[in-house]
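Dock the two chains into a complex; use the hints.
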Amino acid sequence: MNISWYIVLSALLFTIGAIGILVRRSPMVILLCLELMLNAGNLALVAFSREVGNQQGQVFALVVMVIAACEVVVGLGLIVAIFRRKLPLDVDDLRRLHG
Amino acid sequence: MSGAGFVAPHVDYAATAPIIALTVGLVVILMSGVFETTKRWAPGLAVLTLAATAGLLLWHWNEQIDLIAGALRVDNLAISISLIAILSAFTTILLSIRERAADEAGQGEYYALLIGSVLGMVLLSEAENLVTFFVAIETLSIPLYILCATNLRREGSLESGLKYLIVGSLGSATLLYGMAFIYGGTGSTDFAGIAHGIEANGMLHDPLILIGIALAAVGLAFKTSIAPFHQWTPDVYQGAPTPITSFMAVATKAAAFAVFVRFFVVALGPETGDWQTGLAILAAISMVVGNVGALGQNSLKRLLGYSGVAQAGYMLGGIVVASEKGLSSLVFYLAAYLFMNLAAFAVIVARERETPFGDDIRGVRGLAAERPALAWPLTISMLALAGLPATAGFIGKLYLIEALVEGNYTWLAVFIAVGTMISLAYYLRVVAAMWMSPGEQVAGPAASATGAPASGPGSTPVIAGASPEADPVDPRAGHRWYLVGPAVLAAGITVFLGVIPQPLVDFASHAGASLF
Numbered sequence: 342m343n344i345s346w347y348i349v350l351s352a353l354l355f356t357i358g359a360i361g362i363l364v365r366r367s368p369m370v371i372l373l374c375l376e377l378m379l380n381a382g383n384l385a386l387v388a389f390s391r392e393v394g395n396q397q398g399q400v401f402a403l404v405v406m407v408i409a410a411c412e413v414v415v416g417l418g419l420i421v422a423i424f425r426r427k428l429p430l431d432v433d434d435l436r437r438l439h440g
Numbered sequence: 008m009s010g011a012g013f014v015a016p017h018v019d020y021a022a023t024a025p026i027i028a029l030t031v032g033l034v035v036i037l038m039s040g041v042f043e044t045t046k047r048w049a050p051g052l053a054v055l056t057l058a059a060t061a062g063l064l065l066w067h068w069n070e071q072i073d074l075i076a077g078a079l080r081v082d083n084l085a086i087s088i089s090l091i092a093i094l095s096a097f098t099t100i101l102l103s104i105r106e107r108a109a110d111e112a113g114q115g116e117y118y119a120l121l122i123g124s125v126l127g128m129v130l131l132s133e134a135e136n137l138v139t140f141f142v143a144i145e146t147l148s149i150p151l152y153i154l155c156a157t158n159l160r161r162e163g164s165l166e167s168g169l170k171y172l173i174v175g176s177l178g179s180a181t182l183l184y185g186m187a188f189i190y191g192g193t194g195s196t197d198f199a200g201i202a203h204g205i206e207a208n209g210m211l212h213d214p215l216i217l218i219g220i221a222l223a224a225v226g227l228a229f230k231t232s233i234a235p236f237h238q239w240t241p242d243v244y245q246g247a248p249t250p251i252t253s254f255m256a257v258a259t260k261a262a263a264f265a266v267f268v269r270f271f272v273v274a275l276g277p278e279t280g281d282w283q284t285g286l287a288i289l290a291a292i293s294m295v296v297g298n299v300g301a302l303g304q305n306s307l308k309r310l311l312g313y314s315g316v317a318q319a320g321y322m323l324g325g326i327v328v329a330s331e332k333g334l335s336s337l338v339f340y341l342a343a344y345l346f347m348n349l350a351a352f353a354v355i356v357a358r359e360r361e362t363p364f365g366d367d368i369r370g371v372r373g374l375a376a377e378r379p380a381l382a383w384p385l386t387i388s389m390l391a392l393a394g395l396p397a398t399a400g401f402i403g404k405l406y407l408i409e410a411l412v413e414g415n416y417t418w419l420a421v422f423i424a425v426g427t428m429i430s431l432a433y434y435l436r437v438v439a440a441m442w443m444s445p446g447e448q449v450a451g452p453a454a455s456a457t458g459a460p461a462s463g464p465g466s467t468p469v470i471a472g473a474s475p476e477a478d479p480v481d482p483r484a485g486h487r488w489y490l491v492g493p494a495v496l497a498a499g500i501t502v503f504l505g506v507i508p509q510p511l512v513d514f515a516s517h518a519g520a521s522l523f
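Chains as they are written, first to last, in my numbering: chain L, 342 to 440; chain H, 8 to 523.
The set of hints was computed from the structure by calculation and includes no laboratory data. Treat the hints with care, as some may be off.
Claimed, not checked - Estimated spans, in silico, between C-beta atoms of each pair:
| no. | chain 1 | residue 1 | chain 2 | residue 2 | range |
| --- | --- | --- | --- | --- | --- |
| 1 | H | Ser444 | L | Ala410 | 20 to 26 Å |
| 2 | H | Lys46 | L | Asn343 | 57 to 63 Å |
| 3 | H | Asp513 | L | Arg391 | 48 to 54 Å |
| 4 | L | Gln396 | H | Ile288 | 46 to 52 Å |
| 5 | L | Leu403 | H | Glu206 | 28 to 34 Å |
| 6 | L | Leu350 | H | Glu206 | 27 to 33 Å |
| 7 | H | Ala21 | L | Gly394 | 43 to 49 Å |
| 8 | L | Leu417 | H | Glu111 | 27 to 33 Å |
| 9 | L | Phe424 | H | Ile104 | 27 to 33 Å |
| 10 | H | Leu496 | L | Arg391 | 54 to 60 Å |
| 11 | L | Arg391 | H | Ile72 | 29 to 35 Å |
| 12 | L | Leu417 | H | Val34 | 21 to 27 Å |
| 13 | L | Asn343 | H | Asp19 | 38 to 44 Å |
Don't be surprised by glycine CBs; every beta carbon is placed ideally from N, CA and C.
This is chain H alone, in the form it adopts within the complex (with noise of 0.2 Å):
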């Protein structure tokens, strides 16, 4: 690779057709912003774009491909991934639908946004290099940055923004840090050549490696909000306009698990058994953490964002035992996660519409009565998060547990059943809210009941505690198909992967296998 001039680097375009796709699909979008009639097409653009690249990525299934010099790898794992961040992205245009932070930012700029940020996914999703690895983490989170930030007019969403912004960038300048220690220790960028040099030198003899992998640990644990590096996550959550907060929760975290195993799996692979122990260390905290801290959260998105991060300390389990199986029960746990965040996310949306009390937990007192179409999803979406059986959230603990026990961490798999337990507390309440006790009585959403637009825009009152700015937007949110359908699909896919877990299982386990 050094010296001897240089070689352009053979392209296989039909292995980057689908980061073609996306970029194309962006710049497309943009274009179409700029004129007043072509505007309203881009949420349609938008999901032509990702359809188009699922279909490219689905090509490739069960293909192993390098990419331009080893810079990217088309496998399994990659393709899974790169699904569900695509599903979560169409379901937050799908959200997106008459939000405000839409048409405010413009559609054409937050839709293109939206794409940018699936590119970087699925970029990241096949980085095989430090460099590529950068970048595509850099192209996830600034369009982000900008999103979390679209709705001007309420203060929160700014200030998430900026949050996010400099606590993501602290979180890259520290990964990037690391990169170039491991970079000095090994002398390549390549993960393949890291693991090359390690092998040659040793990790534990060669402080430069070790600081780098310290640095990059902490670097990716602040992008996958692991505790202690999550304080940004609830904040972010609640400020940031909730179908992009429902995208976040999901798709960036998993293709950051993606990169993460990864990076951990084939350059620091011949070293295993030495970071296993910290990064259990680092999932046990952050059960601890995301249980504790959602105990007692009165706002939704805050209670998802800790109930997040608790989850990702699930997740990191399977990355910590280092082998298919945990690969394997990573991929289907983000795939639940997908579907279970899904179902609670759709609900928060159509309530902050019709209610004005925002993502409240008086949002949802006594849903079940009022809208049984909202509260079932979230319920479901609440029990599965527990991981209470006939759910696809039981089996995806089941198969995380089941690895860790399998790879001599039982006491992790502990510390999952204990989370879980203390997490019931939190879940339940939202259900116990639904179903136990009476709807909050205000003039809005008494009179949506009953199909009349009553709460016009003078007579919301402004609610402590509650986002105040979240006003009603649409009184009849609670019965528009692109809230409820997704919430109830997503609720009913839930419940289907709980009965009969087969096909989610075997799209899982190639995913494991493209690794080991």
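Same shape as in the complex, but just chain L (with noise of 0.2 Å):
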């Protein structure tokens, strides 16, 4: 079976995860993007575990996922703990640290 279309698809979706990272502002977005790369890891996992034909890179999936939804809950709830202090929701304006 030819895999290569996943591969480009989980290519573009990593890039278009990582693209977002660099350009968008607002936290949750870059949360969004952030699973977006970890879900093209996963559909390569997937597809490469097709193409090689042993099991390994799926179960490799599922336990990646289990970890994007904990970074997910981490990230939100910093978030919140943002919005609740008042400070601006917005990654450009959060630069009391530099120097």
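The following block contains the structure:
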């Protein structure tokens, strides 16, 4: 089975995610882009698993899903904490630490 | 491994005991935070957990055991790196006594997260499979994202947590994508299987593996703060609560380097010559960027952040040569780095609490006259980080340079020497501030020198440049045993290992022998 289209799609997803992190300024959208990048990895893992013919890649993808969920939980928690402090929800304005 | 149904792997409980101990400790500490009466036991329970884990790890010293179908491997490298992480966590607990961040996050949660991060580090140093590698690196990182942000009242702390989360996750995602390609190219997630697959195909002929290795190296460079992937380091170091910064600076680096070397030497071992040059260039860039960036920093934590970037470059040299000597010198340097950094951070914590300057360099002006017990450790630490003789830092650099010259990377050794010269400029600036300038004239610290707690909450001025929220919480912090003790002890060990390095050399060469 030819998996090249799946790999192309995953590369596209990864690139879109990476560009999104660089150009978007809302932490929420950045979190979404991070998810996109992790899921690009998942797609590649599952596709390769099909090609290689063993299940290790699929197991890996399942594990990654759990980890991605953990990351989002922490990220959203931090965003809520920042929102409560009435700080700007904009990564360009969060520049207290500089020098 | 494929087909033939699922067979439950054999689990060697004796060798997994350190991991089990950490997990149980984590749960108990978290539960202790629930009740008002048990809450104050959390630090004690955390120390107990770490001591038990260290004991269980030492029990397996000089053994080589593959665990759970080759997912983990207990050997001297894993044990020595785990011990460095545990020691760093132990001192973080001491430095966290009366730390506002620990109270605000809740004692139970704070220490449980710390233990969780140590769990990730122990797993990471033992990881021998891409899946465990990724799970461990996330187990290490996710608690740290939260710990950075625990000082909820300080804007900088939240900011550093969010920055670390974004950059750290970006690094993880890149690493994962690299791993996917390596799996695609070799058909295995196991380090030994990857080595086998590379041998069969030849790395240079397979673009999949090449892309995979490049992406994985970038992801690891993010985690070990190697330039040009270091931009988060100074910001996160400055914003995080200082005890956590001290933990991140040493323990994260040690664990990430352990898996770095295991991955490159074991999994990518068949094609050593092809990745050496790339890593050597990264190391050189890191030394230059770190040392130049640290010049002119006024925040001590930022300064140590940039210095950490440069030191990561030196340590990467130990991986570049891919030899037993290189690995031994890497472990030696990591252990020495633990003591050098610890002395500096303990002093910074003490000064942060007793002066209104936060971690600004003004906080240590005139420290020699005012608090010799703090000035000496910081002086020794700065000189050791710069690599002056009669300190562990000197011996560490000597071994690294020796390993590089033997491995035909003399040009990288020259970079270390030049980097050391540049680094003297900013390390000596801190020393000069302590010994050659008068104390900063502020009502708080001047009065506390005589022992009177005069700096009430109302009299703390907000100073531009320093972290304004870091008002003194403990005017007698410079006399507390849990701050002065670690500082003096770490500085003492730094000098001791500089004069009599043999014990640490033996320790490091045992670790170095486990991969070659």
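Those earlier numbered hints the structure runs against, lowest number first:
Failing hints, ascending: 1, 4, 7, 8.
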